Amino acid sequence: MSEWWTYALSDFLLFSPRTYYRLFALHNAALWPAHLLALALGLAGVWMLVRPASWHGRALAAGLAAHWLWVAWTFLLVRYATINWGAGYIAAGFVAEAVLLLVLGALGNRIPPATGPGWTGQGGTDMGWPRALGIGLVLFALLLQPLAGPLAGRALAEAELFGMAPDPTVTATLGVLVAAKRIRWEMLAIPLLWCAISGATLWAMEAPDAVLMPAVGVLSLSAALARSFGGRRGTAAG
Amino acid sequence: MDRFMSLDRRALLAGLAATGVAAGAAALAPRALARTEPGTVLARAIPSSGELVPAVGLGTWITFNVGEDAEARDACVEVVQAFFEGGGRMIDSSPMYGSSQAVIGHALGRLGAAAPFSADKVWISSGSRGPAQIEESRRLWGVSRFDLLQVHNLLSWEEHLETLFAMKAEGRLRYVGITTSEGRRHAEFERIMRAQPLDFVQVTYNPVDREVEERILPLARERGMGVIVNRPFQQGALLRRIGRRPLPPWAAEIGCQSWAQLSLKFILGHETVTCAIPATTSVAHVRENLAAARGALPDAVMRRRIADLFGTL
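Sequences listed follow chains A and B, in order.
Sequential numbering from 1 applies to the first sequence in our numbering.
Sequential numbering from 1 applies to the second sequence in our numbering.
Derived from the structure by calculation, the hints contain no laboratory data.
Treat the hints loosely; a few may be bogus.
Said to hold, decoys possible - What follows is a set of in silico ranges between Cβ atoms, one per label pair, in the way DEER data are often shown: (1) A:P33 / B:A70: 17 to 25 Å; (2) B:A169 / A:L193: 41 to 49 Å; (3) B:D299 / A:A29: 19 to 27 Å; (4) B:H186 / A:L37: 53 to 61 Å; (5) B:R215 / A:V103: 57 to 65 Å; (6) A:G153 / B:L313: 22 to 30 Å; (7) A:W85 / B:P248: 37 to 45 Å; (8) B:A252 / A:L36: 57 to 65 Å; (9) A:L104 / B:R215: 53 to 61 Å; (10) A:D11 / B:R145: 24 to 32 Å; (11) B:E78 / A:V211: 34 to 42 Å; (12) B:E78 / A:L37: 35 to 43 Å.
Claimed, not checked - If you want a taste of the chain A side facing chain B, the calculated C-beta under 10 Å gives, among others: (13) L14; (14) L26; (15) R51; (16) V78; (17) T82; (18) W85.
What the hints assert, rightly or not - Calculated Cβ distances over 10 Å to all of chain A for the following chain B residues: (19) I62; (20) G67; (21) R172; (22) S258; (23) A307.
Since the structure is predicted, the reported quantities are computational estimates derived from the model, not experimental observations.
We put the beta carbon where it would ideally sit given N, CA and C, even for glycine.
Please put together the full structure from these sequences, using the hints given.
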């Protein structure tokens with residue numbers, strides 16, 4: 001692209017905010033009540049993080065992989081691609097993350113949840129604030145993030161819910177990855193990239209909640225860096 | 001040759017049926033005419049043919065990219081219907097605009113006999129894939145051929161112009177053009193204008209973005225090229241900045257009832273401009289935009305006044 005410095009973020013926006021948010025309204029109407037199943041699975045995931053067992057890491061990874069594939073297909077390809085010719089590439093990224101979650105997480109058991117204070121099983125140790133942040137991010141994705149749109153003035157029907165829409169699905173995934181015994185950067189890259197893409201899209205649309213996903217990304221990145229470079233003392237074997 | 005003409009829809013259709021006659025009429029039009037009869041839509045002659053086109057068209061960037069949303073598609077049909085009913089004709093789109101081409105095709109299909117002046121673009125880095133993209137665009141519009149095809153933002157312009165001129169020579173296309181927006185690559189744009197027998201150029205022009213007045217518009221006049229104006233309201237930013245400020249009383253002297261009309265009248269007041277293509281999702285705004293192509297146009301003094309006013313906002 002020539003003279004790229006002359007372009008503003010809004011020059012890359014192909015659609016109006018109204019069109020974008022109506023995608024979620026149509027998506028929600030088409031899939032209801034699958035949202036309830038996703039919420040139940042998400043809450044089961046929180047329980048797995050809080051009370052870790054040897055198989056929880058595999059189950060969390062498999063569940064998240066299914067959600068990433070579901071969002072890639074039902075939202076990115078079926079909905080978003082109708083107004084954004086770049087959505088196919090984004091969907092490919094979501095599929096790639098699903099493959100990583102399946103291969104490394106579900107089959108390779110690379111993201112077993114860390115254990116917390118007072119927990120005596122598995123021989124793990126407290127991971128401190130990064131673990132708490134991870135669990136908090138998952139709860140936020142399930143229960144609070146869907147309210148962000150309505151609080152920003154959008155219709156309740158346009159709410160973005162975990163397992164159905166990209167943003168809360170990515171937030172929950174970051175929470176699980178940050179709360180794992182070890183930080184797996186190869187699985188963090190795509191979710192972090194999405195935080196930037198989503199933030200840029202909403203920023204271009206001048207949405208009041210445009211900072212939300214970048215904030216989630218920065219928090220997750222901070223926790224991952226703290227775990228990787230500052231938290232050796234607290235990390236458990238495995 | 002002066003390119004100001006006014007006409008009603010019947011006269012427009014007659015002119016289109018015999019472009020040679022229209023060309024002659026345009027040539028005979030009084031040079032300083034800058035006023036249309038009440039109720040008629042200002043039309044301007046395409047320099048290379050003399051064919052008349054209404055001076056306000058319909059852009060589709062963002063506004064028509066509504067995907068498969070049935071309710072939003074219906075709203076676009078209403079916009080296109082109001083556009084035709086109001087005397088508009090030129091609709092402009094691009095493969096870059098997401099689902100806009102398909103939504104135009106949906107609207108044209110629903111409206112049946114509507115006959116737009118179809119202006120689209122080729123936008124692909126590979127020159128060899130240009131014809132396939134053009135054919136896909138034509139299929140989405142549902143037209144037998146395009147009236148005008150433009151090289152979007154000069155992307156791979158050498159290869160695409162070769163294709164477009166060949167299509168024109170074979171009778172599969174009526175007019176060829178190039179586009180840019182927001183002042184980008186004007187030096188290269190000028191070089192192409194000097195070297196190629198273009199029918200149209202498309203540029204950004206409004207009371208605030210006036211760079212094209214220096215060289216592009218005079219060159220278009222000199223080279224006998226039609227000028228299509230995009231982003232007449234800076235994608236709405238211009239009007240959002242103004243907000244609810246009242247119009248100056250003198251805007252009524254040229255029949256303006258809104259800031260959008262004031263901007264459009266400023267643009268159409270430049271005699272080299274063939275057609276401005278504001279985009280909207282609102283039937284009311286379509287009517288408001290078309291109304292700017294009726295009645296008096298600003299003279300040079302008034303245009304300076306409008307530009308000064310917008311410059312202070």
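Cross-check of the supplied hints:
At roughly 22 Å, the beta carbons of P33 of chain A and A70 of chain B sit within the given window of 17 to 25 Å. For the hinted restraint 41 to 49 Å between A169 of chain B and L193 of chain A, the CB-CB distance of approximately 47 Å keeps it satisfied. Taking the beta carbon of each, D299 of chain B and A29 of chain A are about 54 Å apart, not inside 19 to 27 Å as hinted. Between H186 of chain B and L37 of chain A the CB atoms are about 56 Å apart, so this pair conforms to the stated range of 53 to 61 Å.
R215 of chain B and V103 of chain A have their C-beta atoms about 58 Å apart, which keeps the hinted 57 to 65 Å range intact. Checked against the hint of 22 to 30 Å, the pair G153 of chain A and L313 of chain B passes, with Cβ atoms roughly 26 Å apart. Separation of W85 of chain A from P248 of chain B is about 43 Å and conforms to the stated range, judged on CB atoms against 37 to 45 Å. At about 59 Å, the beta-carbon gap between A252 of chain B and L36 of chain A stays in the expected band of 57 to 65 Å.
A beta carbon spacing of about 58 Å between L104 of chain A and R215 of chain B agrees with the range 53 to 61 Å that was offered as a hint. In this structure the supplied range 24 to 32 Å holds for D11 of chain A paired with R145 of chain B, their Cβ-Cβ distance being about 30 Å. For the hinted restraint 34 to 42 Å between E78 of chain B and V211 of chain A, the CB-CB distance of approximately 36 Å keeps it satisfied. For E78 of chain B paired with L37 of chain A, a C-beta distance near 39 Å keeps the hint of 35 to 43 Å intact.
Here the hint on L14 of chain A is kept, as its CB sits about 5 Å from the closest CB of chain B, short of 10 Å. Evaluation of the L26 of chain A hint against chain B yields a held restraint, the C-beta minimum of about 6 Å falling below 10 Å. A cut of 10 Å between beta carbons decides the hint on R51 of chain A: the least distance to chain B is about 43 Å, and the hint is violated. Taken as an interface hint, V78 of chain A checks out: its beta carbon lies about 9 Å from the nearest beta carbon of chain B, inside 10 Å.
Contact between T82 of chain A and chain B, as hinted, is supported at the beta carbon level, the nearest pair being about 3 Å apart and thus within 10 Å. For W85 of chain A, the interface hint holds, the least distance from its beta-carbon to any beta-carbon of chain B being 6 Å, beneath 10 Å. The beta carbon of I62 of chain B is not kept farther than 10 Å from every beta carbon of chain A, the shortest such distance being approximately 6 Å. Distance check for G67 of chain B against chain A: the nearest CB is about 3 Å away, which does not clear 10 Å, and the non-interface claim fails.
Separation of R172 of chain B from chain A is adequate, the least Cβ-Cβ distance of about 26 Å exceeding the 10 Å criterion. Interface exclusion of S258 of chain B from chain A stands, the closest Cβ pair being 20 Å apart, more than 10 Å. With a minimum CB-CB distance of about 22 Å to chain A, A307 of chain B clears the 10 Å threshold, and the non-interface call stands.
In summary, the numbered hints that this structure violates are 3, 15, 19 and 20.
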